[in-house]
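Engineer: Residue numbers (my numbering): 120 to 251.
Hints were generated in silico from the structure; no laboratory data involved. Since we're looking at a predicted model, the values are computed, not measured. Even for Gly, the Cβ is constructed at its ideal location relative to N, Cα and C. Wrong hints could be hidden among the right ones.
Here are the simulated EDC-like cross-link-like pairs (lysine to aspartate or glutamate), alpha carbons at most 20 angstroms apart as the crow flies [stated by the list, open to error]: (1) K212 with D247; (2) K166 with E185; (3) K213 with E238; (4) K166 with D247; (5) K155 with E219; (6) K213 with D247; (7) K212 with D163; (8) K213 with D236.
Label pairs and their calculated CB-CB ranges [to be verified]: (9) G182 with K155: 16 to 24 angstroms; (10) H153 with L181: 18 to 26 angstroms; (11) T161 with D236: 36 to 44 angstroms; (12) T246 with T169: 15 to 23 angstroms; (13) G217 with T190: 15 to 23 angstroms; (14) S184 with R146: 16 to 24 angstroms.
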Amino acid sequence: MLVANAAVLCLVSACGDFDEDDSGPFRPQRVIGHWKGDCGSTLDVGKDGTFRFADFPVEIPLGRSEPVRVTGRGKWSIENEGYLSPSFELEHKKQFYGLEFVRVHGAPALRRLVDVDVEVDCLFRRTDVPAE
120 MLVANAAVLC LVSACGDFDE DDSGPFRPQR VIGHWKGDCG STLDVGKDGT
170 FRFADFPVEI PLGRSEPVRV TGRGKWSIEN EGYLSPSFEL EHKKQFYGLE
220 FVRVHGAPAL RRLVDVDVEV DCLFRRTDVP AE
């Protein structure tokens, strides 16, 4: 599993930013839609700034190997200012969860780094076609 995660991390880090056009802020319409994570989680992002997620990995408590997962809804935002690359932020019950914009095999993806110490992440891919 660790080797597979390392391969994904290497692939993701080599792919660059999410947006084809690196010359400006990230466009929100690129995230609206249905996303499925390779960790079994789903994420539905709405035009109205809200989201729903199911089985979303939030943390790995000390002494456990599997992440704590939550299901619910909240508000999303994109942070373009002050970062090397934009960040996709989810707010659920006054908790904030960040995802990074990446490309995998040339396609847009969202990466949730659950635990940096043990390299546990969840890679989300769009399952619907975005309307540009």
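Engineer: Does each hint fit the structure? Answer for all of them.
Structural biologist: A quick look at each hint next to the structure:
Taking the CA atoms of K212 and D247, the gap is near 27 angstroms; set against the 20 angstroms cutoff, the hint is violated. A threshold of 20 angstroms between alpha carbons decides the hint, and for K166 with E185 the separation of about 32 angstroms lies outside it, so the pair is violated. Only pairs whose Cα atoms come within 20 angstroms are accepted, and K213 paired with E238 is rejected, the gap being roughly 25 angstroms. At most 20 angstroms may separate the alpha-carbon atoms for a hinted pair to count; K166 and D247 meet this at roughly 14 angstroms.
For the suggested pair K155 and E219, the alpha carbons sit about 15 angstroms apart, so the restraint of at most 20 angstroms is met. Distance restraint check for K213 and D247: the Cα-Cα separation of roughly 29 angstroms exceeds the 20 angstroms cut-off, and the hinted pair is therefore not satisfied. Of the supplied pair hints, the one linking K212 and D163 holds, its CA atoms being roughly 17 angstroms apart against a limit of 20 angstroms. Taken as a hint, the K213 and D236 pair is broken in the structure, with Cα atoms around 24 angstroms apart against an allowance of 20 angstroms.
Distance hint for G182 and K155: a CB-CB separation of about 29 angstroms, inconsistent with the stated range 16 to 24 angstroms. Distance hint check: the CB atoms of H153 and L181 are about 33 angstroms apart, inconsistent with the given range 18 to 26 angstroms. Separation of T161 from D236 is about 26 angstroms and departs from the stated range, judged on CB atoms against 36 to 44 angstroms. Between T246 and T169 the beta carbon distance is about 19 angstroms. The supplied range of 15 to 23 angstroms therefore holds.
Distance hint check for G217 and T190: the Cβ-Cβ separation is about 19 angstroms, which falls inside the suggested range of 15 to 23 angstroms. Checked against the hint of 16 to 24 angstroms, the pair S184 and R146 fails, with Cβ atoms roughly 37 angstroms apart.
When the structure is compared with the earlier hints, violations turn up for hints 1, 2, 3, 6, 8, 9, 10, 11 and 14 and for no others.
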